[in-house]
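Chemist: Given chain A, work out where chain B should sit, using these hints.
Order-wise, the sequence lines are chains A and B. The letter at position 155 of the first sequence is residue 154 when you use numbering that gives the first Met the number 0, and the numbering goes up by one with no holes. The letter at position 91 of the second sequence is residue 90 when you use numbering that gives the first Met the number 0, and the numbering goes up by one with no holes.
If you are wondering where the hints come from, they were derived from the structure by calculation, not from laboratory data. Bear in mind that the values here come from a model prediction, so they are computed numbers and not experimental data. C-beta atoms are modelled at their ideal positions from N, C-alpha and C, and glycine is treated no differently.
Chain A is faced by these chain B residues, among others (derived, beta-carbon under 10 angstroms):
| hint | residue |
| --- | --- |
| 1 | Gly56 |
| 2 | Gln57 |
| 3 | Gly64 |
| 4 | His77 |
| 5 | Arg81 |
| 6 | Ala90 |
| 7 | Asn91 |
| 8 | Arg95 |
| 9 | Thr98 |
| 10 | Met100 |
| 11 | Ile107 |
| 12 | Asn116 |
| 13 | Arg124 |
| 14 | Trp126 |
| 15 | Lys140 |
Calculated pairs, DSBU-like style, for lysine-lysine (alpha carbon to alpha carbon, straight line, at most 30 angstroms):
| hint | chain 1 | residue 1 | chain 2 | residue 2 |
| --- | --- | --- | --- | --- |
| 16 | B | Lys210 | B | Lys118 |
| 17 | A | Lys210 | A | Lys42 |
| 18 | A | Lys118 | B | Lys118 |
| 19 | A | Lys42 | B | Lys140 |
| 20 | B | Lys140 | B | Lys118 |
| 21 | B | Lys42 | B | Lys210 |
| 22 | A | Lys199 | A | Lys210 |
| 23 | A | Lys118 | A | Lys199 |
| 24 | B | Lys42 | B | Lys118 |
| 25 | A | Lys45 | A | Lys210 |
| 26 | A | Lys140 | B | Lys118 |
| 27 | A | Lys118 | A | Lys140 |
| 28 | A | Lys45 | B | Lys140 |
| 29 | B | Lys118 | B | Lys45 |
| 30 | B | Lys199 | B | Lys118 |
| 31 | B | Lys210 | B | Lys199 |
| 32 | B | Lys42 | A | Lys140 |
| 33 | A | Lys118 | B | Lys140 |
| 34 | B | Lys45 | B | Lys210 |
| 35 | A | Lys118 | A | Lys210 |
| 36 | B | Lys140 | A | Lys140 |
| 37 | A | Lys140 | B | Lys45 |
| 38 | A | Lys42 | A | Lys118 |
| 39 | A | Lys118 | A | Lys45 |
Number of protein chains: 2
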Amino acid sequence: MTITITAFEHSPDGGRGLARDTRVRWALEEVGQPYEVRLVSFKAMKEPAHLAAHPFGQIPTYEDGDLVLFETGAIVFHIAQRYPGLLPDDANARARAITWMFAALSTIEPPVLEMANAKLLEGDRPWAAERMPLVQDRVRKPLGLLSNRLGGADWLDGEFSAGDLMMASVLLRIRASGILDEYANLAAYLARAEARPAYKRAFAAQLAVNKPGPP
Amino acid sequence: MTITITAFEHSPDGGRGLARDTRVRWALEEVGQPYEVRLVSFKAMKEPAHLAAHPFGQIPTYEDGDLVLFETGAIVFHIAQRYPGLLPDDANARARAITWMFAALSTIEPPVLEMANAKLLEGDRPWAAERMPLVQDRVRKPLGLLSNRLGGADWLDGEFSAGDLMMASVLLRIRASGILDEYANLAAYLARAEARPAYKRAFAAQLAVNKPGPP
Chain A
0 MTITITAFEH SPDGGRGLAR DTRVRWALEE VGQPYEVRLV SFKAMKEPAH LAAHPFGQIP
60 TYEDGDLVLF ETGAIVFHIA QRYPGLLPDD ANARARAITW MFAALSTIEP PVLEMANAKL
120 LEGDRPWAAE RMPLVQDRVR KPLGLLSNRL GGADWLDGEF SAGDLMMASV LLRIRASGIL
180 DEYANLAAYL ARAEARPAYK RAFAAQLAVN KPGPP
Chain B
0 MTITITAFEH SPDGGRGLAR DTRVRWALEE VGQPYEVRLV SFKAMKEPAH LAAHPFGQIP
60 TYEDGDLVLF ETGAIVFHIA QRYPGLLPDD ANARARAITW MFAALSTIEP PVLEMANAKL
120 LEGDRPWAAE RMPLVQDRVR KPLGLLSNRL GGADWLDGEF SAGDLMMASV LLRIRASGIL
180 DEYANLAAYL ARAEARPAYK RAFAAQLAVN KPGPP
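Bound-form chain A, shown alone (with noise of 0.2 angstroms):
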């Protein structure tokens, strides 16, 4: 059975690499499974067919025979149940690290939310140059104890994991700001992240669909 994932036809980041389809394609690069990408268009997310998939008219969605998913932690965590190569054998380990998914989405990703909806959403409001250091200051705070805890590790519990892969894809987000480079730590961690080989193949892959066309 082959499995399907659906990406932005036009990534409103232009092939950076932080639509979330990025996040699925590493994890089928980390477990070597082959996939397929169904583009879809803005227009086609939020029609019937694609809402069927999506309740919330988003991409990535997730298809393996009778097995339709969509929300990408979701799908990364059934990628790193199913295949061996995301998640420790160990009971215990295992379940640490599938809390770091957690922390990556739950703790560190709201507040990098915010602060991306401060710049995009709200960046011609009277009040954008006052608040954005409010908002940067909620994404500093779990960020400098998320340093802390790394200290000078590798990784953030042992070997690499389904955890590091989704903390890396939201600290990728932060990197634009310039806050990452204060903690010296995350940004030798991110970049350790980005040299794997296979987020750099499920980065050229988002980036072919993504490129500029010839002039």
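Modeler: Coordinates of chain B only, in the frame set by chain A:
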């Protein structure tokens, strides 16, 4: 081995059940596992002993023998994996139930947290009144789609699952705003969740810690 969780010594919500230990208590009640609670002061939450268990200095944590977990989603998931009662046996149905856990935490909760921040952290700022409707509309957008998906069903995908537990827990945080009542089926869904005996026991247990003392 006894399961021990941590909770606020004094919950900021005064026992309304919004602190995240309630989600873990609820999960443990659904699967019928006894547990002990260690209360933690705001001061102790930021000290090294607690940070060793929870790098972000929050509650709840979960201890069971050698295993120490943090992050509510991860803890509820661990309980749901380990004990029967919160996830279906069928592999595909199980993956879909897990998907709803991630959807609650990654799609619905971030705008809900942003709305809470707008009130609690920015309520006295000059932009508070003009900005709040924007933030509320960011909550309405996924709620409307969630309402469409739920339709007339009792639960999100078949039987009650850890996905419903997490979704109802997030919806609880919206109720005070009045926005949830704009979606009659979601308000009824939450009422169904709150009527579960396991939820009632969890709510009562956290209230017993937080209720005002005798006069």
